[in-house]
Structures are given as structure tokens and as C-alpha cells.
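Colleague: Each chain, letter by letter, is given below.
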Amino acid sequence: MKRFIIPLAVFLVLAVFLAIGLKRDPRLVPSPLIDKPAPAFALPSLQDPSRVLNNGHMKGQVWVLNVWASWCRACREEHPVLIDFARQGLVPLYGLNYKDQRADAQGWLAQHGNPYADSLFDEAGRVGMDFGVYGVPETFVIDKAGKVRLKHVGPVTPQVLQEQLLPLLQQLKGEPT
Amino acid sequence: MKHAMVNWMAVPLLVLSMLGVCAGVVHAAPGTAAAVASAPDEAMNKRMMAIATELRCLVCQNQTVADSHADLAVDLRQQILTLLQEGQTDEQVRTFMTDRYGDFILYRPPVDARTSLLWFGPAALAVLGLVGLWWMLRQRSRMPAQAFDPDAPEPTEEGQHHV
Chain Z
3 MKRFIIPLAV FLVLAVFLAI GLKRDPRLVP SPLIDKPAPA FALPSLQDPS RVLNNGHMKG
63 QVWVLNVWAS WCRACREEHP VLIDFARQGL VPLYGLNYKD QRADAQGWLA QHGNPYADSL
123 FDEAGRVGMD FGVYGVPETF VIDKAGKVRL KHVGPVTPQV LQEQLLPLLQ QLKGEPT
Chain A
7 MKHAMVNWMA VPLLVLSMLG VCAGVVHAAP GTAAAVASAP DEAMNKRMMA IATELRCLVC
67 QNQTVADSHA DLAVDLRQQI LTLLQEGQTD EQVRTFMTDR YGDFILYRPP VDARTSLLWF
127 GPAALAVLGL VGLWWMLRQR SRMPAQAFDP DAPEPTEEGQ HHV
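In order, the protein sequences belong to chains Z and A. Per my numbering, the first sequence starts with residue 3, numbered consecutively. Per my numbering, the second sequence starts with residue 7, numbered consecutively.
None of these hints come from the bench; they were simulated from the model. Cβ coordinates follow ideal geometry from the N, Cα and C atoms, glycine included. Don't take each hint at face value.
[What the hints assert, rightly or not] Far from chain Z by the CB rule (all over 10 Å, computed), these chain A residues:
hint, residue
1, 70
2, 73
3, 82
4, 97
5, 143
6, 146
7, 152
[Stated by the list, open to error] Sample of chain A residues facing chain Z (criterion: CB under 8 Å; computed from the structure):
hint, residue
8, 60
9, 64
10, 65
11, 85
12, 110
Using the sequences plus the hints, can you model the full thing?
Modeller: What follows is the structure, encoded as C-alpha cells:
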């Protein structure tokens, strides 16, 4: 009996490690931007090309940046959730229209509804790169001091909204400016 | 047969190399300025590819940025080139990447407390196994002969096998 104990223990340890490894989603890469100042940006507005949006416009408020594109299928999935979120009017929601054509993006919003206060038009994807975007849609929460506090990769589901975004936003709104 | 194969292969190669020579002549023709400008570009490209082969493509995680066709990988290669042309060092380019995508983008993550298990785990396991083996063999060598089953009558059995 005793001779089986060591191999059995080794097997159990391996099984636990492998089980943990299987459960983890390799697509969820932790962002190095958390608790760091949001990357500086200055991009034209999607709706009004003559208007340039930059970090200064967001100063002193909690806001949400949602990376989207008209070619992104999962973006349609989260779209009703975002519209619902925008309707609550808790904090401003801005879009980062990532590597898209202006006409396509405007058409997409006209067709599906526009939850965004405005969208930054990032045609070349350079600001997306600064934000470490690798899988659209992505969602960032930025606090009053301009620091990134949360990054969510993939569509925002009602569950993510209820359990992660809303509680964090409430907490951040309560923080001193 | 083998000769025929070689000939078949040689024809397109020959054509290609001739085309290459022609293209080279055409390129060089406008003047030496073009040749001077393209020479450092090639070195730059080499440096870019060397960095890109050490970067993980986050969209298709089993490929490097160098050999992925994903949109992001193409953009990142272009960005590396731009940074190099701005005069940044290889190290600065890697920092640019980790600042945005984290250590996960590096196929060779830095050695620190978090990655020590990754770096030294396999060697530690091997040492552990060797120590275990040595310990077990020593235990066995100290056991009296009666502790083992008597040897099977091998010679006859082997003889049968050989026949």
C-alpha cells in the first residue's frame, strides 16, 4: 500500500495544476495599465471630424472607454448592454472606434443606436495600441485622476455590468477628485 | 529521376534570380541615393524581425509577431520599424511593448519573483527526481539479498528467444 502513496500524491498535484490551467482563459491577458495614467490621446470625433478629443476633456470625472468597430461581431452582442448602461447616465461612456472606416462606423451607430457621448476615431489603431488593445471589444474604466482602473476584454455582458462595472463606478464616483 | 527533379526546380529558381537581378538594376538605376537609403532599411528590417520573433502575437497566441498575419501583428511590426527608425534601441522597443501589453507579450519573460517557478521549476524538478532516484537506489543497495525475489532462470529463456 505504502508504495502507492508517492505516485498517487504526485498524480494528484499534477491533476490539480492541470485543472487550474484548463480553467484559465489564455485570452485574458492582465493589462499593465491598471492603476497607471491612461495613455495620452488626441483624436478626431467620429461624428464631427473637426472636433479633436483628448484626455483634457475627461479630466476630473470617472468615465468609461469602450473599444468597438463596425467589423467587430462581438460588439453587436454587447451593444444592447451598452445602450442600457448609457441610459442609466451614471458616468459618460465614450467609444474608441478602432481601425474602422468613418462611413461604416457612422452607419453602424445609425442602425444599432448610439450609446456613446462621442467616439474617438482611431483609424490607424495607434491609440488602440497605446491602450494595449488586442481583442475588440474591450472596455476601460478611468477614474477622476485619469488612471485606468479596470480593463475588460470581450463583450460586456449584463453579468459583467452588474458585478464588475457598476460597483466599481459607484465606488470611483465617491472618491475625492 | 533525381536529376529531372533538380532540373525542374532549377528553372523557376533561375527565372526568379534573373528577375531579381533585373529588378535590382532598375532600382539602382535612378542613382546611388536610392541604394544608400535601402541598405540601412534592410539592416533595420533584420533588427525588426529579430525583435518580432521574440514577441507573442496576442491575437493568435501560438505565433510570434514575426510570422503572424493578424492585423495587430502587422501593425506591431510596422510600429517596431518606426521606433527603430526614430533611433530607439532594441531594449526601448521591448519596453514599449511591455508597457502596453505586459510581460505576456515576451516569449522570454524577465526573471523575477513571479516568474521564478517558470524559469527554475523544470531544473528543480529534475534535481528532485535525481535526488529521489539516488536515495532509492541507496536504500535498495543496503537491503539484504533476501528482500528481493530470486532471479528468474534467464539463460534458458534468452536462449529460447534467440532461436
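Colleague: All hints are to be evaluated individually against the structure, with a verdict given for each.
Modeller: Right, here's what the structure says about each hint:
| no. | hint | verdict |
| --- | --- | --- |
| 1 | 70 | holds, 14 Å |
| 2 | 73 | holds, 17 Å |
| 3 | 82 | violated, 8 Å |
| 4 | 97 | holds, 17 Å |
| 5 | 143 | holds, 15 Å |
| 6 | 146 | holds, 13 Å |
| 7 | 152 | holds, 18 Å |
| 8 | 60 | violated, 17 Å |
| 9 | 64 | holds, 4 Å |
| 10 | 65 | holds, 6 Å |
| 11 | 85 | holds, 6 Å |
| 12 | 110 | holds, 5 Å |
In this structure, the earlier hints numbered 3, 8 are contradicted, and the remaining ones agree with it.
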